[in-house]
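Novice: Here is what each chain is made of, one letter per residue.
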Amino acid sequence: MGRLFAVVVTVITLLSVSFFVMHTWWMPVDISTTGPAIDHQLEETMTGSGLLFLGGQLLLGLFVWQSSDKNPARKIKIFPGGANPLVAAAIILVGIEILTLTFVGSKAWAAVNLVPAAADSLHIDVQAEQFAFYFRYAGPDGQFGGLHPDKIDDGSGNYFGLDPANDVAARDDVVVGSLVIPVNRPILLTLHSKDVGHSFYVPELRIQQDFVPGIEIPVHFTATQTGKFEIVCTQLCGLGHYNMKAYLQVMSEADYEQWLKGQEGQ
Amino acid sequence: MRMKFFAALALTVAMGSALMVFATPPPAGSGSITGKVTYTGTPMKMKPIDMSKEPSCAKQHATPITTENVATGPGNTLQWVVVYISAGDEGTTTASQGVRYDQKGCQYLPHVLTMLAGQQLQIYNDDQTSHNIHPLAKVNQEWNKSQPPGSPPIDTKWDKPEFIAVKCNIHPWMHGYFAVLKTSHVSITGEDGTFDIKGLSPGKYTVTAWQEQYGTKTQDVTVGAGAATANFVFTATPY
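Chains A and B, in that order, give the protein sequences.
Residue 25 in our numbering sits at position 25 of the first sequence, and the numbers go up by one each step.
Residue 111 in our numbering sits at position 111 of the second sequence, and the numbers go up by one each step.
So here's chain A without its partners, still in its complex pose (with noise of 0.2 Å):
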């Protein structure tokens, strides 16, 4: 039985690192200036857990083999010092792995998050409410309008709470249901939540942020490739969150510009 269970263990192990081993199930085309550095970051962290993932459970799996005769007369080794050494070294190896992990990605995080967005990037604002997202864009203006919560009305498409009756700056500001960008461009979005937590996640930007209600999270990216993205909420919601999803298209400067002449004619 205990050989059968050292064979069981060595089986699922070798299996669970092949499929990382051939990125059977990996991560979407990365679209974003940002993506290859956390996913060298990634790489990084899955060879060296791997690694000690396949070391630890392959010993695991010859320990159980060597010990599963039923040989009462058999010695058994102990850890120099018993156990307190045993976790102390554990304690230490540990901790030296997740240190440098966190030392050496720190720079692909810091990209993303600590970065302040560049001077001439293209700011959006996005509005995610039960179950949905929604994106403002300044209008030929170039100027955003006050947000007033009050004011907020689904029925007549009033998301972000605009006050166009007294506020000249919101009565040109575009807000639409898919976030449409031009590629290559600089992007800035300002997350703002109506409700509950949402998240922001597109896994092809390598970017999810989560939206708290109250506070405006920046967040910054510049897309790589022309295509049509999900943009899905990572944060239970409530019982529409598995709907809760919209569209990223990135397009090409000009088609961009053309669309937002559409968008603001309506």
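Worth flagging that the hints you see were computed from the coordinates, not collected in a lab.
All values reported here derive from a predicted model rather than from experimental measurement.
C-beta atoms are modelled at their ideal positions from N, C-alpha and C, and glycine is treated no differently.
Warning: the hint list may mix true and false statements.
[Unchecked claim] Part of the chain A face toward chain B, derived, beta carbon under 7 Å:
#	residue
1	81
2	85
3	154
4	156
5	157
6	165
7	177
8	178
9	240
10	242
11	246
12	247
Go by the hints and put chain B onto chain A.
Specialist: Coordinates of chain B only, in the frame set by chain A:
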């Protein structure tokens, strides 16, 4: 002995009130009030609705539908205005049939549904997606109910007269109204802005026109044997 007396009394009262209902049949008057609802000024633009996140609904609309809170027609007409007798009406009975409300193509059909207080209301989900209808009642009891695709209709009713905004807790753009009234003498304006309230006996009535964005307008109308006219004009603002 006493129990029997009360039972007999209750029976008499019940039969008496039943007789009274039959004794005063609804006056099927031949009079009517017709007219048109229009606006002056510039109404707000209706916005196209992006349903791309719900492909099963988006494909049901060849061109995107728009918001409907100020639905206008050619000649400055206003659609979805509820015109009803708000005073002077004595002929309303309870409705024998229920009314039907549909969730189809991620839209409420019809946009405004009138019904009597106490009248049966059946709400259908005709879509391949879940809906969670949420009537924002303030006078009546507010509720919301989930309906996955293929669910049986929701069978309900409203006890008190109220204009109830309806939203879907899953699709934020879905928006409609229940106009719960105590009169069956009501008409909703079509795209041409016209209404026609039929079956009125001669007499003096107060007519109210309700538009979800602009509120109500009221006027007194005297009905003779034929059709009386009442037109309503709302003042529209662009924002």
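Novice: Confirm or reject each hint.
Specialist: Structure-based check of each hint:
no.: 1; hint: 81; result: 60 Å, violated
no.: 2; hint: 85; result: 57 Å, violated
no.: 3; hint: 154; result: 4 Å, holds
no.: 4; hint: 156; result: 5 Å, holds
no.: 5; hint: 157; result: 4 Å, holds
no.: 6; hint: 165; result: 4 Å, holds
no.: 7; hint: 177; result: 3 Å, holds
no.: 8; hint: 178; result: 6 Å, holds
no.: 9; hint: 240; result: 4 Å, holds
no.: 10; hint: 242; result: 9 Å, violated
no.: 11; hint: 246; result: 6 Å, holds
no.: 12; hint: 247; result: 6 Å, holds
The structure fails to meet hints 1, 2, 10 from the earlier list, while all remaining hints are met.
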